[in-house]
Amino acid sequence: MGQNDLTRVLVIDDEAPIRLLCRVNLEAEGMAVLEAPDGPSGLGLAREERPDIVLLDVMMPGLDGWRVAEELLLDERTNEIPIIFLTARAEFRDRARGLDIGGVDYVTKPFNPLELAPLVRELLERIDRGERDELRGEKLAELRSLMDTE
Amino acid sequence: MIRTIELLGTLLAGVARAWETGGAAAFALALGLAGGIVLRRRGQHGADAGRQARERELDSLRRVAAELARTQDVESLARTLLDEIAGLFRVGFVGLAFVSEDGREASGYLARARGRDVDWWREARVDLEREPSGIASAVFEAAAFTVYDVSSSSRISSRLAEAVGAKSAAYVPLLVDERVIAVISVATTDEHRAFSADDLALMQTLASEAAVALERTRTAIALADALTRERLLASITRQLRTELDLETALRAAVEEIGHALGASRCVVHVEDEAVGSRVAVEWHEPQVAAAGESTRLPLAAKAVAEQRPVAFLAGATHDADAEDLVELARLGVEAAVAVPLAAFEGTNGFLVVHRSAARSWSQGDLALLEAVAAEIGLAVRLGRLLAENRERLAQQSALLRAAQVLSGELELGAVLQRLADQLAELLDADAADCYLLDPDAGVLRCVAVHGFDPSLLGFEFPAARGLAGLAIREGRALIESDYVEIPDPVPHPAYDGFTDVIAAPMRWSEDVQGVLGVGRRGGRRFRARDADVLEAFAGLASLALRNAETYTHSSRQARIQRGFYRIASVLGQSLSRPATLEAVAQAATEALGGACAAVLASTAGRLEAAGAYELPDDLAELLGASLDEREGAIVRTAGHGRIVASPTLADDERVPAGWRAAAAEHGYRALLSVPVVAPRGADGGLVLVFFAEERSFTEDDLELARHLADATRGALERSELFEAERSARGLAQQLTRTGRLLTSELDPAAVLDEVVQQAPELVNAEAGAIRLLVGDELVVTAADGRGAEAALGSRSPASGWLSGDVLQSASPVALPDAGSDERLRALDPMLADGNVAFLGVPVAGAEGAPAGVLAVYSSLPRAWREEEVEALRALAASTSAALSNAELYQRVALERERSVAILANIADGIVAVDRDGEVVLWNEAAERITGVPAPVALGRTPAEVLKRNLESEDGTPGDRLVPIMRGREEVWLSVTEAVMRDPTGAVSGRIFAFRDISGDRLVEQVKSDFVSTVSHELRTPLTSIYGFAETLLRQDVMFGEEERKTFLGYIASESQRLTSIVDTLLNVARLDTGDLQVNLAETDVRDVVGQVVAAASEAGTNGHRFVVELPEEPLPARADPEKLRQVFSILLDNALKYSPEGGTVTIGALRKADAVEVSVSDEGIGIPQADQEQIFRKFYRGSDAEVRAGADGTGLGLFIARGLVTAMGGRIWVNSREGEGSRFAFELPVGSA
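Here the protein sequences come in this chain order: A and B.
Everything in the first sequence is counted per my numbering, starting at 1 for the first residue and increasing by one.
Everything in the second sequence is counted per my numbering, starting at 1 for the first residue and increasing by one.
If you're looking for bench data, these hints aren't it; they were derived computationally from the structure.
Being a predicted model, the structure only gives us computed values, none of them experimental.
Please note: incorrect hints may appear among the correct ones.
What the hints assert, rightly or not - Label-pair ranges, simulated between beta-carbon atoms:
| id | chain 1 | residue 1 | chain 2 | residue 2 | range |
| --- | --- | --- | --- | --- | --- |
| 1 | A | 108 | B | 1174 | 25 to 33 Å |
| 2 | B | 1103 | A | 108 | 29 to 37 Å |
| 3 | A | 108 | B | 1063 | 21 to 29 Å |
| 4 | A | 144 | B | 1049 | 40 to 48 Å |
Stated by the list, open to error - Rough simulated footprint, nothing fancy, chain B against chain A, three-plus residues with beta-carbon under 8 Å:
| id | segment |
| --- | --- |
| 5 | 11-21 |
| 6 | 24-34 |
Backbone N, C-alpha and C define an ideal beta-carbon position, used for all residues, glycine too.
Kindly generate the complete structure, drawing on both the sequences and the hints.
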């Protein structure tokens, strides 16, 4: 992925308002946004379009976010794509599960949509630098410290 | 002999050739053997005549030599020789006769007259000693001689000369080894001629040439004759020996002899004076008249008298007297010979042979006849022997039959009758009789007759009279051939007319028992042999008598032997006592010839019926029952060892009257009572033998009875051993059984009950009791059998008698008849209640201290055998052990029960497992918590029972949460675990304590889920509101009007959503607190349903089809319209949510009697049966629902719906099948409109 290319973000969420929110704000930052209203269509898009990153809602009817993430990571066409979980679940248990599965970060609802693009950008840069594992390690450590303090 | 002829032939041939070719010297040389007669004769004749004669002589010699060389046939040689002589000397007759070996006879062999054989010459015989003849002269002088005028010479046999028709004759002897073997007779028949010396010499020469060959011939003839005779003799002998009928054999013999000897008649007479037989057979040539049987044959008498052959030859010297000669002449006999048959006792006979021609009898003839005569004699003798043998066989078989009669028939009269019959038949007698001697009356009594009128039977006459009396006195069989004349006849007319009689005494050793007689009226005489037969029969008869006498005795003896055999066989095997007594009864019956028998055995002073044989039931009963009466001396004899004989039972006072009456009913008339002494003097007894007839008992009987008693004693000893062995084995088995029973019995009281039941069985007693020491008293703690009820609980001093004794002495007390002691009865209720025999053994308590007494009782007096005592002691020992055992166990059981009670009342589940992990304890709380009853759990592992392991996997102690399924319900257990270890440190068991924390856990889980869900439900709209607000506030992006509207719209709708969620939560809170307000009003359900469905359709669904079934008319219900809408919305939302594949959603509303029902049906995932009750609970969501339908929803919908419906006075329910869909329905009270 070259700098000159548009960063392409796939948003998978069953809530239309949330998808719109993401699109508006990411496009505003010069990114291309793909949308999928459920897990299966999201998987299809990811395989076809090979986005640079996926924003994945966890609580979806049918195929939920956890399962979609697992599928993406199992498929060699998509297993390199970083995943950021969007979750309304506040519990650490859920956050940890996302990282365990292989997500690089999570965003808890409600979130500030303006922060999405910088987050994506930062993550992609670090991953470009080959810091994917470190990234996950930091996030887990962060989560553990959060759990400990609670 | 043949070789000699060949040699001679070769020699003569050689001579002949030498003569022809070699000249006179050679001839002379060649004939050196024969002398020089020929040469000398040739020298005296003229040359021509001499040459002629010489040539003829040479020819003759050549021919004779050639014949000798050519033939081995003697006759043709002889013929050649004779013909040559006849030719050389031109004579009419030349004959050759051989001289017999002994030189007494010459036989014509061959004669030639005018070139032909003279047949009669062959038959010619010349008696060289007695008959003058030329042949005889030539033989005796051994030199040739001539007779010029035959007719005038006394040296010539006139008959031969006549037969030949001789004028002049010359006789030339043939010499071999200086013996004259033959004579050649040369005769002129037409003229007288004087034979010269030369002629004689030439004849002699020629004869000499052939002499050797002829000698052989003579021998051959003799041999041939002998052979013929032998063949003939053999043939006759064969016939005589094979032909059973002598007459037939003789007929064949005389015919053969006649032919063989050229006889005209042959006669044999055999007379056997002993047999009185006479056989006369005759053969004769057809042209000869028969001599006839009665004709007195000449010579025969003389031959018989002098025992030598007597021969006659017409014209020769003979032994015939004048009378004979007349007879011979009458019969036309020229030659005759009579030979006596070999003489032997009483036999007379002869063989006579006649010839019509006067041919003398050669030695061979005579030898043949003598041999034949001997054979005939032998045959006659053989025939007689055969006849005698047949007779003897008949006697023997008759005796044999008679003997069979003796052994077969047992009835004397029949035996004697059979003997008389046999006897008469055997001796061919007209009558036979048998008389028995009555020594007391001195008379003979007729007991059997044959050929007499049966009325003679029983006839008596004085034993001294008649032939019978004589025979008795003489002591042997007597033959009277002149019976009519005997001086002192038997005075009975039946005996008139007898001529021949034999009488024989029947004796047994020296005693005369009777007389056997046979008689004939005329006809044949009895002979000594017949008397022998009669004596043999008399012997048989006396044997029969003896047998008959001893029959009764011997049959009884046999019975006795059978009886003893029976006892012996009983003794041979170990029988039980009852079986022995039965056998004794049978043996007694059989041995003594009784009708039946009973054995009464004495036990502890009483007699009891112990064995019987053929004993009628009622009598048996009586014998058993009347014993207690002890009446009758006969019973007392049992004790005294005396045999009591009751010959007449009916009158015998010694026998109990009852027995007598019963015996009489069965027809028993006599009784023998035999005491039986039992081994060791213990159980004596009495054998009673009943007899069907009155009988006097002989010493034999008594002896037999004593033997019986002895044998019985032996049998009883054996049986006692057997019984002891058997009962010991039985006791051991019983003890084993009882011991096993006791060890399995854990209740002390039950142990005692068991023991008092087992103890009597063990020793064949009837009752039992156990007394335990309580203080200084013995208390009956358990009892069984007679008197048990009275005895139970009774007390007796521990220092008293009986049980007290047992306790004090710590040893058994055995009393056969304790019941007879009043004091003991008073002491022991068991005895007081009718028990008599007592056996008590001590029961030890802890550490061997006396603890009580085990006693057994019998209602009849009885001895206690040693092994029984021991067995009871063994039982008492195991009782002690069992008691200790049971008490120990009881203590343990009590402890255990206490523990169980405690455990049962603990709220926590307590489960204990053994080292194998199997459940050994499962208290009530565990049952309640797990839903598994203890019986199901016990013996299995918790993992099997609960499908979940209770053990900690890492062995860490402390609380653990373990989920299990109680039915379909998940139950969470908080488990603590304690591990028990044995001394070696191995796990010997575990105890788990657990409580059900499902309630606590569910609440927490549900709360957690609720928080999570509510969080999500709240955060989603908040995200939109917050996000769009932030977006709108972005300074760096300019949004268009349309976009801004959209953003604001989302903010509004999501706000509304947030409000709704909050309302819901408020509703729940109100429901929880009961603060819910409902405003009931008449509401048309159709309106509300229609609006909600329309809204849902508008919102768009995932391919669902709505079917709405509403009535035409209004459907009023008493309801709060807003709450109704809420409820219906919840149901419709659920229907859509839980049928993610789409399908038909059917909405219905209808009016029922007093309610309005609204329903929503989907074709979705359905609800498991187990969940159907739970779904209306707060926060509950189907267990699978999250996974299958997503995590949407708060889990409060149905809770709220039920709350609202309930608040409106209605009810809500669900029907669902997993995988097929659900139908939710609620009903509300019908509106008044």
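Evaluation of the provided hints:
no. : hint                          : verdict
1   : A:108 with B:1174: 25 to 33 Å : holds, 31 Å
2   : B:1103 with A:108: 29 to 37 Å : holds, 33 Å
3   : A:108 with B:1063: 21 to 29 Å : holds, 25 Å
4   : A:144 with B:1049: 40 to 48 Å : holds, 42 Å
5   : 11-21                         : holds (count 5)
6   : 24-34                         : holds (count 3)
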